[in-house]
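Enquirer: Take a look at the letters that make up each chain.
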Amino acid sequence: MQLQIIDVAVVVAAVFAPAADAVSGWWRATGRGSQEPKPPSWVEPKGFFWHVGNATTMTFGAIRALFRRPLELRGTIAQVEALGVESVGIAITTAVFVGMVMAVQFAYGLQRFGGMEYTGRIVGVSFSRELAPTLTAVIVGGRMSAGIAAEIGSMAVTEQIDAIRSLGADPLKKLVLPRILGATLVMPVLAVLALVTGFTGAMWITDNQFGIPCRFFYQTALESVTLGDLWSGLIKCPFFGAIIAIVGCHFGLVTRGGTVGVGRATTMSVVVTSTFILISDFFLTKVTLLIWPS
Amino acid sequence: MTAGTPFIAVRGLVKRYDDKVVLDDLDLTVERGETVAIIGGSGSGKSTLARLLVALERPTSGSILVDGCDITTLDDLELATVRRRFAMVFQRHALLDSMTVFDNVAFPLREAEHLPSSAVRDRVERVLRELGVDGAANKLPGELSGGMAKRVGIARAMAMQPELLVYDEPTSGLDPVNSRIVDGLIERMRSAHGVTSVVITHDMVTAYRISDRIALLAKGRIVAEGTPEAFLMTHQETVREFAQASGMDVARLGPRPGRMTPEEVRRAWYRAHEQG
Ligand SMILES: Nc1ncnc2c1ncn2[C@@H]1O[C@H](COP(=O)(O)OP(=O)(O)O)[C@@H](O)[C@H]1O
Ligand SMILES: [Mg+2]
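In order, the protein sequence lines correspond to chains P and W. Numbers in our numbering are just positions in the first sequence, counted from 1, shifted up by 17. The numbers in our numbering rise by one with no breaks, and the one at position 81 of the second sequence is 80.
Next up, chain P with everything else stripped away, as it sits in the complex (with noise of 0.2 Å):
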């Protein structure tokens, strides 16, 4: 595939949102000349590399501990029904909400085309190709990640971690594996979900304001949406919950500097979670629609 305008501008994307963040950081920054240990900021480039390479290391060390005895079986299903608990609220009512406006303006553009019946196919279609796994995962990615963030980063700051290294257990098998997992496995299941809910939505509102019954609409969405098309959107989905929980788990581990620094680490894996599952969206695109092309 040859490289496209779209691929140049999603490269600046990426570089100019954390220049922007930079720039903001600095601002805050100036005239505060604290000597605080804290993480060096992952904007600059230096500082990028050093998130990038712990990152790394550590999810590696996780993989690695995935093949010692024992394996966090208790730990894992802790986090999946923490994980899984705390963000469906949240993943069912955007999905909803989101199917219903996705509807009434599809219902409502293609109408002056008359080509309002098309909003079934084209619900469905973007549904479970984009959204459903998307959305959800930079909605409740955000959710995930902080709270991740959160979590370790107290216990960072509270030498909790320490006292689990100088305990003799593995913080990278004890914390970071189980939720890599856990967030691995909830995503799809939270995808389908909002597949299922927001489609539901869409057909409601469309029947209710266009009068296109609910049967036409899911009859069309359903002759239009292949195979291909709902495992593109789901395959998406496990490296989504991997990125939500590397990245909450890095900023958490690498916290320094108190309870401000919990804040921080917080606040940067928001950023850097919802960032990162929008370019890695759109690799990931890419990459499935060389193996389902259309």
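I should point out that these hints are in silico values taken from the structure, not numbers from a laboratory. Honestly, I wouldn't trust all of these hints.
[To be verified] Listed next, the in silico DSSO-like pairs over lysine-lysine satisfying Cα-Cα at most 30 Å (straight line):
| # | chain 1 | residue 1 | chain 2 | residue 2 |
| --- | --- | --- | --- | --- |
| 1 | W | Lys19 | P | Lys55 |
| 2 | P | Lys191 | P | Lys55 |
| 3 | P | Lys191 | W | Lys138 |
| 4 | P | Lys63 | W | Lys19 |
| 5 | W | Lys19 | W | Lys218 |
| 6 | W | Lys138 | P | Lys55 |
[What the hints assert, rightly or not] The following residues of chain W were derived to be distant from chain P, with all beta-carbon distances above 12 Å:
| # | residue |
| --- | --- |
| 7 | Gly11 |
| 8 | Asp96 |
| 9 | Glu110 |
| 10 | Gly131 |
| 11 | Pro227 |
Small disclaimer: the values here were computed from a predicted structure and weren't measured. Glycine included, C-beta positions come from ideal geometry on N, C-alpha and C.
Given the coordinates of chain P, assemble chain W with the ligands onto it according to the supplied hints.
Expert: Here is chain W with the ligands on its own, set in the frame of chain P:
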């Protein structure tokens, strides 16, 4: 272990964070059975030294010899084994706040030693009773008072039956009564279990009461060191500041409580470990 080899020998230790030198060419020796108090102002690098001693961090350069073997050259896995022989009582107690007191104390036994659950239960109940916190076994760390949390922190460290126990500011944030109780516990861990201790503190009273030797950490190295009595006599200037800050009147200091000699402590350690 050959005779004459110190238990812990720190040689030319340097620890740098970026361009900030925290420890600069530090030397320190700890013999088995000894209690060494390390005093110094805040930010002088006491906690950093403690973390290096229990192998939580690696030095920038220099060596830490344990029974003559340099632990700074070990790889991560070997280091984890060495770490099991040492324990640390953290300044902010560092109890895992998602677990009960019982599970906190059981944590090292389950994670590192993989003991059967009945043995874990016995050992945990024993240390909790010994430190007077057996009533709090089912509480969460958040529900404990400062003094209780500190005791549970000591209990968790002792559950590992360590050879070396490093206390990071064990009495900071405690009222005087609780501070003296903790002093007593540190002394008891030494006499009853023969554990070698390094006590990091800026409380001169604690240092004086519980140690065989006091060392003053300043500008990244040990600048003065000696038995408590000698230390107080020879380094009046620097020492007086600490003494006053701790509310201690050097001139009217009573005799130190009778203590076991390091030799007796060593014998207690071997006795305890032959039985166990
Ligand atoms: N991880 C770190 N990164 C950067 N600087 C650190 C780090 N840990 C400690 N320091 C710095 O090292 C110095 C000594 O810290 P510390 O050992 O905690 O002192 P103390 O325990 O004596 O108060 C402090 O100035 C602190 O800012
Ligand atoms: Mg300290």
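Enquirer: Now, for every hint given, state plainly whether the structure supports it.
Expert: Hints, verified against the model:
1. W/Lys19 with P/Lys55: At roughly 13 Å apart (the allowed maximum being 30 Å), lysine 55 of chain P and lysine 19 of chain W satisfy the hint.
2. P/Lys191 with P/Lys55: The given pair, whose Cα atoms are some 24 Å apart, holds under the 30 Å limit.
3. P/Lys191 with W/Lys138: At roughly 22 Å apart (the allowed maximum being 30 Å), lysine 138 of chain W and lysine 191 of chain P satisfy the hint.
4. P/Lys63 with W/Lys19: Holds, at roughly 18 Å.
5. W/Lys19 with W/Lys218: Holds - the C-alpha atoms of lysine 218 of chain W and lysine 19 of chain W are around 12 Å apart, at most 30 Å.
6. W/Lys138 with P/Lys55: Not satisfied, since the Cα-Cα distance of roughly 33 Å exceeds 30 Å.
7. Gly11: Holds, because the least Cβ-Cβ distance between glycine 11 of chain W and chain P comes to about 24 Å, which exceeds 12 Å.
8. Asp96: Per Cβ check, aspartate 96 of chain W is inside 12 Å of chain P; nearest 7 Å; violated.
9. Glu110: 4 Å, violated
10. Gly131: 21 Å, holds
11. Pro227: 28 Å, holds
Checked against the numbered hints given earlier, this structure breaks hints 6, 8 and 9; the rest are met.
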